[in-house]
Amino acid sequence: MNDNSPILQCKHLVKSYGNAAPVLKDFNISVPAGRILGLLGPNGCGKSTFLKLVAGILTPDSGSIEICGEPRTEESNRLISYLPERTYFNSSMKVYQLIDFFADFYEDFDPSVAEKMLKDLDIPLDRRLAALSKGMKEKTQLIMVMSRRTRLYMLDEPIGGVDPASREYILNTIIGNFNPDASVIITTHLIADIEPVLDEFAFMAYGGEILRAGNAERVREVTGRSIDQLFREVFRCSARY
Amino acid sequence: MFRKVLKHDLNAILKIWSIITATVLVLSIVGGLCFRGLNAATGQQSQMAFIPLYLLGIVLSVIAVAAYGVVTVALIMIRFYKNFFTDEGYLTFTLPVKRSTLFNSKLLSAFIFNTATFLVTVIAVTVMLAIAPGGEYGGSALSVLLDSFSVPFAAIKSIMNDRLAFWICAYAVVGLAYVLVAFVHETLLLFCTVTFGSILAKKHKILTSVAVYYGIQLLIQTVWLVVEGVLSLGISAISVVPEVLVPETQVLWLVLGILLFYVCALALIASFFYKFAVSRLRGNLNLA
Chain A
5 MNDNSPILQC KHLVKSYGNA APVLKDFNIS VPAGRILGLL GPNGCGKSTF LKLVAGILTP
65 DSGSIEICGE PRTEESNRLI SYLPERTYFN SSMKVYQLID FFADFYEDFD PSVAEKMLKD
125 LDIPLDRRLA ALSKGMKEKT QLIMVMSRRT RLYMLDEPIG GVDPASREYI LNTIIGNFNP
185 DASVIITTHL IADIEPVLDE FAFMAYGGEI LRAGNAERVR EVTGRSIDQL FREVFRCSAR
245 Y
Chain B
499 MFRKVLKHDL NAILKIWSII TATVLVLSIV GGLCFRGLNA ATGQQSQMAF IPLYLLGIVL
559 SVIAVAAYGV VTVALIMIRF YKNFFTDEGY LTFTLPVKRS TLFNSKLLSA FIFNTATFLV
619 TVIAVTVMLA IAPGGEYGGS ALSVLLDSFS VPFAAIKSIM NDRLAFWICA YAVVGLAYVL
679 VAFVHETLLL FCTVTFGSIL AKKHKILTSV AVYYGIQLLI QTVWLVVEGV LSLGISAISV
739 VPEVLVPETQ VLWLVLGILL FYVCALALIA SFFYKFAVSR LRGNLNLA
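Which chain is which? The protein sequence lines are A and B, in order.
Sequential numbering of the first sequence, starting at 5, is according to my numbering.
Sequential numbering of the second sequence, starting at 499, is according to my numbering.
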């Protein structure tokens, strides 16, 4: 592993589903260490597809994915903590069994951090996941993913199903639980909610084209507008979008 | 990592399988007792009312023992499908574990449960027969069954003659190998078809998998029919044409050779299924 290389580097990624037009066409991105990147774009522009490719859930048609300077393999999963946009745990498991499961497979998983966060959000450890509400399930998933000490966190719509009262806690959790050597990629439609935690942003159009990207703070200073406002301007409903 | 994956795979099925196994064993005892009760009640006017109850008990126990293996396979396949090709796959395939390791663990746990199910089925049938009466022959149904084998056993023993221990060992080893390879082959066929069907289809993955299963079965059965036809012709020639008549010990060698051929053929097909399924998981995984 090369410590100077970006945490994630994708070159010329192409991905299509069946015979349809490619969701990602020649997609390129580089994510340095210690940054929180907001990957923002309209529905169907390929944000989730991109995260799935990096997580290994999908196989790219062509192009390369490097994690910490090494080509992506099954072993790369040690360096990635991925939260998909759906409930993906076995619903017959109890919450404490989930903690044991993560502790079994991920050396960097800290059960005490997970237990504290679950307690803070009033999620009972002895409850089956099937018995939890959708919002509680999503919180549990996010807690599991953020209780690892890894290099790359990928959060697909992490606060979509969470009540506004818990969002602040979750966003603080995201900031507080990753180390400076790590990076976070967040995709969401709730830009105003996550804007305060973003270091970088990238506006992604259909086909994976990056329309605009940069440092969130600098762009706010230069344009005098928030990322949310900028997003609304760039993606204002038109013939193109 | 393999041990961890295997531990979770075994635990996921163990609880429900244990409950089903206990039920089957209890029902096998109930079935045996019902056979005994039916035997005693037949012709007894005072116990006629119990006969439907005994019959129900027998039917239930026989169905339970017969369905036991199918239920075990269903449990294994549900675990395989859910773990790999539903939303649970998002967890399975983001674990820091090689896909071949995930697959091998599923294969070994399936083998363990299938073997255990086979042994429990033998025990359940034995228990049922040991309790059930032997009817006009007296004793238990089990002793009657074992007695019925004594004549063919004696005939085989006389053929094996002075090399009895050798032939018993040879057939035991090849027979065991056949059973083990057959278990693995059948499991891999199911895994392979579910993998192929799930990767091939965007919707109706299970339906596609069933279609793929029957497609592959049709192909395999056709090839087997040809192979068995050729083998049958060879054996017929030995028994019909006087010039090729061979001593009985050579027939033992021939049957052993055929069994070995089946073992090798099944192992070869199973290895193809294995390679195919693992390579699809590595190179073509596209979860919805």
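Since the hints were derived computationally from the structure, they do not count as laboratory data.
Do not take every clue at face value.
Here are the simulated DSS-like cross-link-like pairs (lysine-lysine), alpha carbons at most 30 Å apart as the crow flies [said to hold, decoys possible]:
#1 B:Lys655 with A:Lys138
#2 B:Lys505 with A:Lys29
#3 A:Lys29 with B:Lys502
Chain A is nowhere near these chain B residues, computed Cβ spacing over 12 Å in every case [as the list claims (entries may be wrong)]:
#4 Met499
#5 Val503
#6 Ala510
#7 Ile527
#8 Leu536
#9 Leu554
#10 Tyr588
#11 Phe591
#12 Pro594
#13 Val620
#14 Ile704
#15 Leu716
From a predicted model like this one, the values you see are computed outputs, not experimental measurements.
Ideal Cβ positions, reconstructed from N, Cα and C, are used throughout, including at glycine.
Here is what the structure says about each hint:
1. Of the pairs offered as hints, the one joining Lys655 of chain B and Lys138 of chain A is violated, with about 68 Å between alpha carbons and a cut-off of 30 Å exceeded.
2. With a CA separation close to 42 Å, the supplied pair Lys505 of chain B and Lys29 of chain A exceeds the 30 Å bound.
3. For a cut-off of 30 Å, the pair hint linking Lys29 of chain A to Lys502 of chain B is broken: about 39 Å separates their Cα positions.
4. In this structure Met499 of chain B is not separated from chain A by more than 12 Å, as the shortest Cβ-Cβ distance comes to only about 8 Å.
5. Its closest Cβ contact with chain A, about 8 Å, brings Val503 of chain B to no more than 12 Å, contrary to its assignment away from the interface.
6. Its closest Cβ contact with chain A, about 8 Å, brings Ala510 of chain B to no more than 12 Å, contrary to its assignment away from the interface.
7. Chain A leaves Ile527 of chain B outside its interface by the beta-carbon criterion, the shortest separation being 31 Å against a cut-off of 12 Å.
8. For Leu536 of chain B, the requirement that its beta carbon stay farther than 12 Å from each beta carbon of chain A is met, with the minimum near 41 Å.
9. Non-interface status of Leu554 of chain B relative to chain A is upheld: no Cβ of that chain comes within 12 Å, the nearest being about 33 Å off.
10. Annotated as non-interface, Tyr588 of chain B brings its C-beta within 12 Å of a C-beta of chain A; the closest such distance is 4 Å.
11. Residue placement check: Phe591 of chain B does not keep its beta carbon more than 12 Å from all beta carbons of chain A (closest about 6 Å).
12. A Cβ of chain A approaches the Cβ of Pro594 of chain B within 12 Å, the least distance being about 4 Å, so the stated non-interface status is violated.
13. Distance check on Val620 of chain B: its Cβ is at least 31 Å (rounded) from any Cβ of chain A, clearing the 12 Å threshold; non-interface status holds.
14. Even its closest Cβ contact with chain A, about 18 Å, leaves Ile704 of chain B beyond 12 Å, as expected for a residue assigned away from the interface.
15. The non-interface label for Leu716 of chain B is consistent with chain A: the shortest C-beta to C-beta separation is roughly 27 Å, beyond 12 Å.
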